[in-house]
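**Q** Sequence:
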Amino acid sequence: MSLNRSEKEAVISEVTSLAAKAQTLVMAEYRGITVADMTRLRNQARAQGVSLSVLKNTLARRAVAGSGFEVVGDQMTGPLIYGFSEDAVAAAKVVADFAKTNDKLVIRGGAFGGKALDVEGVKQLASIPSKEVLLAQLLGLMQSPISRTARVLAALAEKRGGGEAQEAAPAAEEAQAA
Numbered sequence: 001m002s003l004n005r006s007e008k009e010a011v012i013s014e015v016t017s018l019a020a021k022a023q024t025l026v027m028a029e030y031r032g033i034t035v036a037d038m039t040r041l042r043n044q045a046r047a048q049g050v051s052l053s054v055l056k057n058t059l060a061r062r063a064v065a066g067s068g069f070e071v072v073g074d075q076m077t078g079p080l081i082y083g084f085s086e087d088a089v090a091a092a093k094v095v096a097d098f099a100k101t102n103d104k105l106v107i108r109g110g111a112f113g114g115k116a117l118d119v120e121g122v123k124q125l126a127s128i129p130s131k132e133v134l135l136a137q138l139l140g141l142m143q144s145p146i147s148r149t150a151r152v153l154a155a156l157a158e159k160r161g162g163g164e165a166q167e168a169a170p171a172a173e174e175a176q177a178a
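Residue numbers are given in the working numbering: position 123 of the sequence shown equals residue 123, and the series is strictly consecutive.
These are calculated hints, taken from the structure and not from any lab test. We treat Cβ as the ideally placed atom computed from N, Cα and C, and that holds for glycine. It is possible that some hints are incorrect.
[Stated by the list, open to error] Derived DEER-like restraints, expressed as beta-carbon distance ranges:
no.: 1; residue 1: Pro79; residue 2: Thr149; range: 55 to 61 angstroms
no.: 2; residue 1: Leu139; residue 2: Gly114; range: 28 to 34 angstroms
no.: 3; residue 1: Ala154; residue 2: Asp118; range: 48 to 54 angstroms
no.: 4; residue 1: Thr77; residue 2: Glu14; range: 20 to 26 angstroms
no.: 5; residue 1: Glu158; residue 2: Gly113; range: 49 to 55 angstroms
no.: 6; residue 1: Met142; residue 2: Lys56; range: 47 to 53 angstroms
no.: 7; residue 1: Ser147; residue 2: Lys8; range: 56 to 62 angstroms
no.: 8; residue 1: Ser6; residue 2: Gln143; range: 54 to 60 angstroms
no.: 9; residue 1: Met142; residue 2: Gly49; range: 22 to 28 angstroms
no.: 10; residue 1: Ala10; residue 2: Gln143; range: 45 to 51 angstroms
no.: 11; residue 1: Leu156; residue 2: Lys100; range: 47 to 53 angstroms
Full structure from sequences and hints, please.
**A** See below:
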């Protein structure tokens, strides 16, 4: 089905706004995927905040022109699904995880930080933990010395407190005997 000029402009405008907000673009060939599998992929992507679109490649090239994703214009060939995400790793994770279980979805490339990524680059990006996980790990690292110090101080106080309590017990017994 061909689009008229105003419909094409609307698609370009929509994808341009997606690209402006996104940090990552991942492209995958979807040839041979069933509708049920594609629906499952879209649901997984939506849950992770990833916008998936099947676009004509010329419209996609025009939409990303002037953005950091322009570097992958030469990779935009064949039937592709485009995944845009504001989270740096979400699009790569969703597509790479789905491609592991469905051999019909073939990762073709992507872009992150104004640089083109090949298939291995997308897989490496997908292996990085999400921002929330990295922040939790950083917080754990920062809290670990503090909690260790607190445990040492508590053990020291218990040891000293226990020693004073043992010395006070015979004195209390002597006072009761007198």
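**Q** Between the beta carbons of Met142 and Gly49, is the distance compatible with 22 to 28 angstroms?
**A** holds (27 angstroms)
**Q** Take the C-beta atom of Ala154 and the C-beta atom of Asp118, compute their distance, and say whether it sits inside 48 to 54 angstroms.
**A** holds (53 angstroms)
**Q** I want to verify a distance hint. Is the separation of the beta carbons of Leu156 and Lys100 within 47 to 53 angstroms?
**A** For Leu156 and Lys100 the Cβ distance comes to about 51 angstroms; the hint holds.
**Q** Between Thr77 and Glu14, does the beta-carbon spacing fit 20 to 26 angstroms?
**A** holds (22 angstroms)
**Q** Glu158 and Gly113, beta-carbon distance inside 49 to 55 angstroms?
**A** holds (51 angstroms)
**Q** Range hint 45 to 51 angstroms: satisfied by the CB atoms of Ala10 and Gln143?
**A** At 50 angstroms between Cβs, range holds.
**Q** Can the suggested window of 28 to 34 angstroms be confirmed for the beta-carbon pair Leu139 and Gly114?
**A** Cβ of Leu139 to Cβ of Gly114: about 30 angstroms, so the range 28 to 34 angstroms holds.
**Q** Is it true that the C-beta distance of Ser6 to Gln143 lies inside 54 to 60 angstroms, as the hint says?
**A** Holds: the Cβ-Cβ distance is about 56 angstroms, inside 54 to 60 angstroms.
**Q** Hint says 55 to 61 angstroms; check whether the CB-CB distance for Pro79 and Thr149 agrees.
**A** holds (58 angstroms)
**Q** Evaluate the given range 56 to 62 angstroms for the C-beta pair formed by Ser147 and Lys8.
**A** holds (58 angstroms)
**Q** Taking 47 to 53 angstroms as the hint, is the beta-carbon distance of Met142 and Lys56 inside that range?
**A** holds (48 angstroms)
Consistency with the previously given hints is maintained throughout, with no hint failing.
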